[in-house]
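Two independent chains are provided; combine them into the complex using the hints.
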Amino acid sequence: MDYTLSTVAPIVLIPFFAFVLNAFIVKKFTKLAVAISTGAIFVSFLFALRIFMDFMNVYSVGYYIHKTFTWFDLSAGSHVFKVNMGIYIDNMTAVMLLMVTGAATLIHVFSTWYMHDDPRFGRFFVYLSLFTSAMLGLVLSDNLLSVFIFWELMGFCSYSLIGFYYEKEGAGNASMKAFMTTRVGDVFFLLGILALWSVVGNVTFVDIYKAIGAGAFNNLYALGIPLATFAGVSVFLGTMGKSAQVPLQVWLPDAMWGPTPCSALIHAATMVAAGVYLSLRMYPLMELGHMLPFIAVIGGITAFGAATIALVQTDIKAVLAYSTISQLGYMVIGIGVGSYNASFMHLITHAVFKACLFLSAGSVIHSIHCQEMPQMGGLRKKLPYTFFAMLLCCFAIAGVPFFSGFVSKDRILGDALVLALTNANHIYKLVALLGFGGAFLTAFYMFRMLFLTFFGEPRDHHIYDHAHDEHLGWNSNVPLLILSLFTLGLFYSGSFTGQGEVNLFGSKNEWFSTLIHKPDATSLHHFSEYKAEEFGSVDTRDKVQLTPAVYDENHGMSEHVAHEIHQIHHIGAILSIIIAFCGIFLAYSMYIKKSVNPGWWTSTFANWTKALKNKYYFDDLYVGKIIQKGLLPFNDLLSRFDMGFFDKYAIDGWASVNRWAFTISKWFDNTIIDSGMVDGTGASVRMMNVVLRTVQSGKIQMYFIVIVVVLAGYVWTLSF
Amino acid sequence: MINLGSYLAISFALFVCGILVMIARKNIIAMLLGIELILNASALNFAAYTKFTNNNLDGHIVSLFIIVIAAAEAAVGLGIVIRFFQLRESIHIDDAATLQN
Chain A
1 MDYTLSTVAP IVLIPFFAFV LNAFIVKKFT KLAVAISTGA IFVSFLFALR IFMDFMNVYS
61 VGYYIHKTFT WFDLSAGSHV FKVNMGIYID NMTAVMLLMV TGAATLIHVF STWYMHDDPR
121 FGRFFVYLSL FTSAMLGLVL SDNLLSVFIF WELMGFCSYS LIGFYYEKEG AGNASMKAFM
181 TTRVGDVFFL LGILALWSVV GNVTFVDIYK AIGAGAFNNL YALGIPLATF AGVSVFLGTM
241 GKSAQVPLQV WLPDAMWGPT PCSALIHAAT MVAAGVYLSL RMYPLMELGH MLPFIAVIGG
301 ITAFGAATIA LVQTDIKAVL AYSTISQLGY MVIGIGVGSY NASFMHLITH AVFKACLFLS
361 AGSVIHSIHC QEMPQMGGLR KKLPYTFFAM LLCCFAIAGV PFFSGFVSKD RILGDALVLA
421 LTNANHIYKL VALLGFGGAF LTAFYMFRML FLTFFGEPRD HHIYDHAHDE HLGWNSNVPL
481 LILSLFTLGL FYSGSFTGQG EVNLFGSKNE WFSTLIHKPD ATSLHHFSEY KAEEFGSVDT
541 RDKVQLTPAV YDENHGMSEH VAHEIHQIHH IGAILSIIIA FCGIFLAYSM YIKKSVNPGW
601 WTSTFANWTK ALKNKYYFDD LYVGKIIQKG LLPFNDLLSR FDMGFFDKYA IDGWASVNRW
661 AFTISKWFDN TIIDSGMVDG TGASVRMMNV VLRTVQSGKI QMYFIVIVVV LAGYVWTLSF
Chain B
1 MINLGSYLAI SFALFVCGIL VMIARKNIIA MLLGIELILN ASALNFAAYT KFTNNNLDGH
61 IVSLFIIVIA AAEAAVGLGI VIRFFQLRES IHIDDAATLQ N
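These protein sequence lines are chains A and B, in that order. So for the first sequence, the working numbering puts the first residue at 1; every next one is plus one. So for the second sequence, the working numbering puts the first residue at 1; every next one is plus one.
Chain B with its partners taken away, still in its complex shape (with noise of 0.2 Å):
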């Protein structure tokens, strides 16, 4: 029987891998990346909580919202990408620290 917990761990461990790759690795495309794992992480959340606590589709219409929120930061964080890498010529994120000194 798939229950609300077996939804939570996947969304659990979706989010973890998503916090992970936002630390761990030092591409600005993985980052975004991590950033996707993260927002379905809580779009699973959203359908899950519907599925098994009332029978109304109001998870169902966040998720749909969150994938197209996803799709626009998606879009939005490339542009950022790309600009920046013209102007640094690399996606390095630790390039991205010269706003101090």
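So that you can see chain A by itself, here it is in the shape it has in the complex (with noise of 0.2 Å):
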């Protein structure tokens, strides 16, 4: 296949015009805008689909497509600055794109039912679409400058989506949290891409990957630390704010005042997604600055942190948000432990349980009308589809085998484990205790929401009686079937085990930890032979014959050491199966069996359950402290400085410097111009009409004698 402006940039461009043109019709054809932004997400699913096709026929590591054409340039003489912009697809972006499109269009499809009572409902599909198309735009960026960019349109439309229902005051707020709290890590990552550029010349990811495989950051400091460090750091606190990092983990569980079926896109496809999407294509950069157990440790303190929050919580939308930040926080985990594949693949993986996770809780609060825990239960019967759903998702984000999200998490972890095993540095210890409690932890918590809401008798009779019995319906509850399906791991891995023992896709098997290649130190030198095309120009890629991928069992290491980290994995293994159901059994017995009291565990840790209900005091700290005691005075401060000096002597002063110029302006004005120059010309042409008016006296016999003279005189001088 030939990649062209027409071939992949509709999957971006569809989705945005459908945004521009709806933004004009919503008012009065809001079933017409609804019909086109869907459509125009499931068009965009269909230009992904087949740049996946293409990419799993080609199957190989080296597949890429890296196109471009000059922004801007502003190259003066021998100074070169110049911009460009393009698309870049590797096997990453592929695989990216089908689940940002195939997600997008299942939560589109399941809003034209949630939404459809809600006298905004055009307009909540404007900001999907325009959403959505950000998020491609953003996986489809060959530089760090089109991600900013497309980073930014995200953040206004996580804005838009959380503050959605703009009466209540919560939802304002919590917008307005999200958007400042993202902010925060925006600006580090800016100061990033210009840390890169200084070195680099350019923002582009190739570039920066052979600037790195050619050690131009050697020897280079900025404010006396390595400059990859300060870049590394830079970029990651851009990941940080985006991927609901600690401590910028604040505004995640209040995105949660949006929408049911936008905290899907938010938490699943779109918005959490590209921070780790950003870390992982500057994964080299954070080799380099030798950040990795930094990350590592981020990664850890989020996962097991959020993981216990998620244990008090009532609300069922915030048991989820809390969940999505802990498994952010294992995404971040692989990061940091060099699991670049798997970390990729949680992404995926959990985007997928993610989004299902959340349109059937959108299924059971639409149903309901109610979002606490407590006064639900037995929900099962009522809702068969959604309680299928939900159930498998628990499945696989608890760490099930055969479910995907053990096949990606128990990677992460065993990574973990090596490296706490083996590595010298003793904080990856620390990193592995922190996922595998945070293991125990999601499998509880999610069994605990799913025990709650399904199972036992109901607890608010009231609430239940009024449930409507569930029908199949193709937008109500197929988008959750159809992601619950993609919640079976041998999708991911090719076999039912993840370490493929059981062949399912032939030479196939293992597809993804084939194909997404890890970019480290040793494997740069790929990237000397990547070539920009400009768009529009003949397409040689199809003539150049990748060799296909080979599955590699010991992935690059020599046989020994293969085999050490092979029995670490399997221990691994073993133990996070052991965790998950140990979880699980925990919130049987305490949720249905009620053999265990939960009762007993608050009031013996009160302390501890009154910090996670305060979640962890992150709130307060920020409000009370930082922006009250901190922020505010120096606000104050600012403000005086701007009213006592900026406004008194700048302000006040440039003013009166206008006053006197005005008054000179005004003399000048009324004395030579007017009275002068305007005035001057009527009073000449009146003196001029005064002579004139004289001759012209209407005696006829002075006109003939006029004519006499000037004839005589004619006469006079002929005769010369």
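In case anyone wonders, no lab produced these hints; they're calculated from the structure. The reader is advised that the hints may include incorrect statements.
[To be verified] Restraint ranges, calculated between C-beta atoms of paired labels, are given here: (1) Thr681/A / Ala13/B: 51 to 57 Å; (2) Leu78/B / Tyr703/A: 20 to 26 Å; (3) Gly698/A / Leu20/B: 20 to 26 Å; (4) Leu718/A / Phe52/B: 18 to 24 Å; (5) Ile700/A / Gly5/B: 17 to 23 Å; (6) Gly698/A / Ile2/B: 43 to 49 Å; (7) Gly680/A / Ala71/B: 54 to 60 Å.
Where a beta carbon is used, it is the ideal one built from N, C-alpha and C, also for glycine.
What follows is the structure, given as structure tokens:
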């Protein structure tokens, strides 16, 4: 297949044009606007599917398409300043595109059911279209600058979607909180982009890889720390904002103020995935900056801390929100322990099951009009399809074997365990401990949610009796069932166990680990051959024969090391299976068998529970300490400077200068221009008028004398 | 011998008389008479030049035309004078200066 503007750009442009068009017609033709948005994202999905099929056909690590065009060129003489924009599709992009468009399509379809009673039904789809197109643009970007543009666009969309019910005060505050918190990270991200620009000369991914491979960052320092670390930390702070890592995680739980399908989009396919995606793209920089342990610790704290908060939440969406933070923590652990491939796989698998979980929660909320789990219970008879979808997703997120979450999370935890046991840096022991502890808590709180919602006796009969029985509907629960199908691990690993023992896809077994190539220090030399092509040029890539990738069981390591690592992985796998079932069993005995009393735990660890209910006081810290004690006094100081100095001297001084200038100008205008020139013109014309008027006397004989005199004078001159 | 100069002298005298009448008299009808004198001076000029320079009838024909034109002019001019008199009850030329002011 050839990659031209017309085969790639529509992925982004069709949802974007749907947004532009719908923004105008949505008030009058709401139904049409909804249809256009949903159709647009589905067409995008078909384009993405085409790219994905191509990627599976080529089946090579070296698969890439890089097309650029000059955005603007400010070169002057020898000083080159040229900014290119373009698309970069490699294996990762192809998978990502399919996930984003696929999940977004199902979320759009579900929203047509979930939102159809809402007075702003159409407007919701306008935002969804823009949101999705921004995410797709980010995934297709070939450089950090356009990533940043789409990144900010998504920040805006999340702001409008979280504050969608703007008549509620909480929603308005939550949207501002999300926007401002992610903005903290964005500022650093921009700083990181500038730092990279100063070294590389542009910010194209491939050029950054080439520069890192060529050692361009050696012996460069910024503010006394190595430039690679400086840029890496800055970029990673952007990830921390967007992907809700500690300490910038506070916005994500509040994001559930938005409509549930938008939570599904934010938590699964778009917003938070963008942060991890960026860090994965910048993995060589993180590695070069020696910041992997730092990243791993941040991820570990996030994964465990968010999981503990999720234990005490009673709102069904809050549980899911904290589980998102926790799972994002696992992805970041994956980056930190060098488990690039598994981290990306967890991004994809998490997107699928989290989208499904949020849509299921939406289905529950829509049918009982209540979000509090203590008022639910026994809903499995009323909502059988939702229950089925949610059950599969809970298996997946808890890490039960044969489900997608197990395949990806187990590999992250396995790699963390390997580093904990073999690496000299003891911090990895902490990371592994936090990871496994978080996995236990994940299994527990997810099944706590499932049991409280769907099992047992109805705790609030009024709500239960008013719930409608669920019927199979193409836009109400079919999207959930489709998503829940893809929680099966075999789609990602090609085998049931994730270890390649049951061969399902033939030679394309383990396609995920085979094709997603980790750009670490040893393999960066690949990128020196990568060439960007101009948009519209003849595609030469069809003629290049790429060698098909083959699954390497040792992952490029020597057999001895690989064997050792495999053994640790086996231990890790067994450990995580045991842990998952322990968590599920604990939830079962607490909430179904009731042999363990949860009240005992909350009363015994009362302080701990209180801290959890207050989300570890992060909000209090930010609002009470940092904002009220730190930022507001500083704000006052600035305002005093503004009023007392800037306003008084600069603004007022400038005003009086202007007043003087005005006086002079007024005098000049009155005297010279008005009296002299304008009135002078009039006066001179009037004077001419007096002269001419006497000549034109109306006395014919006078005219006649003039005629005769002139004629005589003429004749007289002729005589010479 | 009556030569060209004599004709031209009479013509010039007629012309000057006409001009003087035009300038000096305030009576509109007298001014029209002055115009007649000027026209006759020019007609005499044409006839004289034809007689003394070449022997065709061009000048005579032009003279006849001038006589016809003079008659027409007199008719139109007198018509104007009558209307003017009806309007102002005067045939004084200074009464015809009212377009100004």
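So, going through the hints one by one against the coordinates:
no.: 1; hint: Thr681/A / Ala13/B: 51 to 57 Å; in the structure: holds (53 Å)
no.: 2; hint: Leu78/B / Tyr703/A: 20 to 26 Å; in the structure: holds (21 Å)
no.: 3; hint: Gly698/A / Leu20/B: 20 to 26 Å; in the structure: holds (22 Å)
no.: 4; hint: Leu718/A / Phe52/B: 18 to 24 Å; in the structure: holds (22 Å)
no.: 5; hint: Ile700/A / Gly5/B: 17 to 23 Å; in the structure: violated (34 Å)
no.: 6; hint: Gly698/A / Ile2/B: 43 to 49 Å; in the structure: holds (45 Å)
no.: 7; hint: Gly680/A / Ala71/B: 54 to 60 Å; in the structure: holds (56 Å)
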